[in-house]
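Residues per chain are reported as follows:
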Amino acid sequence: MSNLNEQMADRYKNNFLKEIEEQAEMGEWVKMCMQCGLCSGSCPTHFHSGWDHPPQEIFMLIRAGKREEVLNSQGMYMCTSCYNCYVRCPRKVPVTHVMHGIAEYAYRIGRAPKAQPTLHLSKTFWTNATKYGRVNEVQLTQSLYFKDGIGSGIKKAMEMQKEALGLVMAGRLNPMEALGMGHKCKDVSGIHKMLAKAEELEAKNKAAKADTAGKE
Amino acid sequence: MARKEYAFYPGCSSQKGASASNYLVSVESMCKTLDIKMTEIPDWNCCGASVSYAESGELPRHVMNARNFALSEQNLPGQTIVATCAACWLGARESKERLEHSSGLMADTQAALKEAGLNIKVIPEIKHMVEVLIEDLGYDELKKPVKKPLDGMKFAGYVGCQTNRPFGIANESFENPMYLDRLIETVGGEAVPYDQKVTCCGGALAFSEPEKAQAQIKDIIESAYDSGAEMLVTPCPLCQANTEVYQGQINKKYGTKFNMPVLYYSQLMTLAYGGSAKEAGLKGNVIRATKLEQFAG
Amino acid sequence: MAEMKTAAYLCKGCEIDKRVNVAALAKIATKEGKMALVREHDFLCSADGVALIQNDIDNEGVTHVALGACSRRAKTEAFNFPTVALSRGNLREGVIWIRPDTPDAQETTQEMAEDYVRMMCAEVKTMQVPAGNQKTGTIKTILVVGGGVSGMTAALEASKAGYKVVLIEKAAALGGWAAKLHKRVPTREPFKSPEDNGVADMAARIDADANIKVYLNATIAKTSGSPGRFKIDIAIESGSVVTEDVGAIIQATGFTLYDANKLPHLGYGKSPNVVDQAGLEALAKEAAASGKPICRPSDGQPVKSVVFVQCAGQRDASGEHLQYCSGYCCNVSIKQATYFKDSNPDIDTVVLFTDLRTPGNGEDFYRSAQNRGVIFSKGVVSEVTANGNTCTVQFKDLILNEDTAAEADLVVLATGSVPTSGPELEALADAKRAAESGTEETKNVVLQMMDKSVLNLDYRQGPDIPHFKHGFNDSHFICFPYETRRTGIYAAGPVRRPMDILQAQEDATGAAMKAIQAVENAGLGKAAHPRAGDLSFPTARLEGCTQCKRCTVECPFGAIDEDEKRFPLFNESRCRRCGTCMGACPVRVISFENYSVNTVGMQIKAVDMPDEFSEKPRILILACENDAYPALDMAGMNRNAYDPFVRVIPVRCLGSVNTIWITDALNSGYDGVMLMGCKHGDEYQCHFVKGSELGRYRMSKVYDTLKGMNLEIDRLMDMEVAITDMDTLPGKINAYAEQIKAMGPSPFKGL
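Protein chains in written order, with this note's numbering: chain A, 1 to 216; chain B, 1 to 297; chain C, 1 to 751.
Don't read these hints as lab results, they were simulated from the structure. One or more hints might be untrue.
As the list claims (entries may be wrong) - Selected chain C positions facing chain A (Cβ under 7 Å, derived; list incomplete):
id, residue
1, V275
2, I375
3, L400
Here the structure is a predicted model, which is why all the values come from computation and not from measurement. For each residue, glycine too, the CB sits at the ideal point set by N, CA and C.
Generate the whole structure from the sequences, applying the supplied hints.
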């Protein structure tokens, strides 16, 4: 995957702003930020650990061409999708989506931080949701708990045992789902074909842009 | 014929046996009283939710929602899609907006849908259940069937994020939306003012960054307690789950003694309309709403 | 002159008669006020009531009218009797509306009303009908000094309104700085693309305008006279002098750029590739003329990267450079960045700013530049160094909080503007004093300063318009832009505050309008703003004058000169009728026909003074008629009650308050005196600019007198009141009244 990273860096000749504009969803908004910082001040995860770069800084870093610092940042993954920044931005920059877009791009070209828990959740969730078309909550929870290995998973599961039992008792968690007996769509194969096509088209579109940039 | 008919998109958490199944039970009871017919979109699929952003990419996420649009329009032509889950509503609305504003994205989406034998002619309107209540029916209509007003009960209307931002409910402010308070008052309860009405519960980060999310949840519950609320009321399954399920962990970590039931607005309405504890899905609350169970008799 | 016949009219309308005993007031007007004729009327401002008064004037020989009704600020159209002296007793806003309608309050409310009737009677007997300024000048031509965008706009606007204009420009062509611009910041929807600078079009319109006479390569050698009859000696190119007669003057002398040579640390002078904004405009013009892209001066190669440094030598807290923001430079840098991006989107274009300020519709333009790919970074530049054909810009990135650097082919410094406002008058006066018996050197200092003079006024108070802050001409920027401290002379454009072209054009239009008002009022012998239309003017009883010169020095408008015998010489049409001279005069020889030491003094004395055992103190309020008095009226309109023991007398300005009023009031038994005037100092709101400041300075002397009289200094209270204080004012009056009550009665009571 680092190949892709090098390809992209090469194609965009280190014009990182352009790279983000063309390759990240909503990346074309980065240049419109006016550095007021309202997004950073509105973020609920503000000042928590791991928040190395708030959105305002991410925007600035991109414009300053600091490619590695942005792609490696944990900042984007602190997003809870609360949309506070989005509705408050005086420039109407869709900050939430820009953060998601940059995170997705960093991950796509293999430069996202390793063992990022929210990134892991994102992967797990999508894989789970698209496997049968609907989310299997038990398997989702299991795979999240056991991401760091069996020992850690059991510990976490034990910690949450009371809560899980509560949900089961309340009829809100179906243990049968663990066995793949849970919710699923009928036309799973249609969904898979459809998604394969979508992924193919998306990859093609992004590659075409990079190729154009590379020829300039 | 019912007075209103909608294409129902329950979403992954609100289906039977899922984490918000009690939401589903109470919505069904509430709709029965209000004479609203909800027909489930056949074979609907997951919206992708916000957190899948990194893995899903752009087009696949919209395609997932587009499949639901196509199925709805094909099987329930002309009907507005109604979601009960804030994330489903938001995801669907976002895809609708993007697809309608980008012909390129739409063309690619159609190409992908074709693989599943589907296509989109027109994208249906999309509403959250709350919009159906206050826009299509109105507070006056919602008040009419009230048989047992929830007199003397104090609720903190917890609006949270995704029914509020970025789209929100028409004519409400992002910073202090009033619709949930008005719904509480419509069924006779008291909506207490408190600071954390639109604070984020952490959303999906409750899984991946539990400490951060629980710190936010603590702020929300604490503020509700301090303002004299007995129960929290929400319109969102993830808000409900996060604020309810983690109270025990928070108590352990912070030495608090939270034990505040977290209800859906539809549960309150069902009870006020004279519904039973079972019809309101009260059994589904992990932190039992004893006061409401007694009220339901 | 006809024999004085007085008449008092008492209105019973607006529930005055329900709240006070009007018959008792009539009795007071007759017995104590000694009015020859006293009438009550149910509705005095009605056609019937007005006709009653007019009939008495026409047929009964009434020459002095005292109206006991509403505030003097109300019903002025109905109560307009220009042929008689007129006083007003404020029974409505000043009494019944500020007192509660309760049985308890009835007695003190009645007493208040009775005093106001006594006061209006006393006042009117000391008044005369103003005759108007007889020495009027009727010249309507308007002089515009400066042929830049501000001056050209003022000339065109005045001409459009039908007035002749003389336009003087020191350069060889019209256009000023704007003519040097390759393009100007957009002025029209969608505010995305720079526009033609517009100078050629304006100059052509001026050429074609028969109303406008232009002198190029010309300066003013001397300005004398006053509104309506200024004489301007113009030094023209040939070295000779021509004289023009004008009625009013608009000073639109604009600005020069802050000298970038003072910024060597930003590379200016060290590399030809560091230019100021004007330098970049010249490069852009040159490029456009030759059809080439903008090139580096060092080697003529096309610019591939450019950095704009905002606030270069501006907003400088150290005081070494300009301390202010020049207002236009951010938009200009945005515009100049588009020169590059529009010719080649691949040119790296970076704007380094601390706060991007984009007045007008600049925000749209800013976004359009961002859309073009101009990079805006929040950063403070510490140094620009030259290395061959490129420059290194060292700066601190304020968002990322790190020291960093950018390489550029070209660096543009936004250096801002310095007003062309003439010498600072106090510094000039000091220099003149130093030169009086001094060396060649000190005399040269004066000559150098005088060389900067724009107007060369022959006024006693100096050759130019006084400055405010940072060398800009004082022009009452808070309340009345364009109004300078020289009547009939108006400042427009960046000479009075920093601004851009669009603002300067609006400014020039406003100044043209003020100049037109000035020539029209001067022709009628009337005052200009803010007492527009006032026919009174000050006169001095010269036999009592001690030639102390306070009036000539203190007049905020330079209206008073000295005659050959060193007596004050009033230039009525320069006078704004504020009365500052009257307040200043230690021997009280200056007065207006309808406003004098007597008109106020007799009101002070007319108030009934209860004895020290009555527990009814009396507090005199002298309230500025511009802000404080309307604020008190508005308190009445809002029915906000205040203490019944105060008696309010409006004054034209705090500057007109003569200290004799204060000492007389305290001597005659008042327990306290409140002065209400406008804010003074750097953010002054005084309608007469310096009046409230001078008045307050004088009052500070009264405190010594109080100590001499063995009185508590708190018996005199100076309060700053703005018109917006109507809600808080009653509370402040009440608090002061409580303080006075706690202090006990004045020892002078009953003496």
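Hints, verified against the model:
At a threshold of 7 Å, the smallest CB-CB gap from C:V275 to chain A is about 24 Å, leaving the interface hint violated. At a threshold of 7 Å, the smallest CB-CB gap from C:I375 to chain A is about 5 Å, leaving the interface hint in force. Taking 7 Å as the C-beta cut-off, the interface hint given for C:L400 holds, the closest approach to chain A being about 6 Å.
Hint violations for this structure: number 1 only, all remaining hints satisfied.
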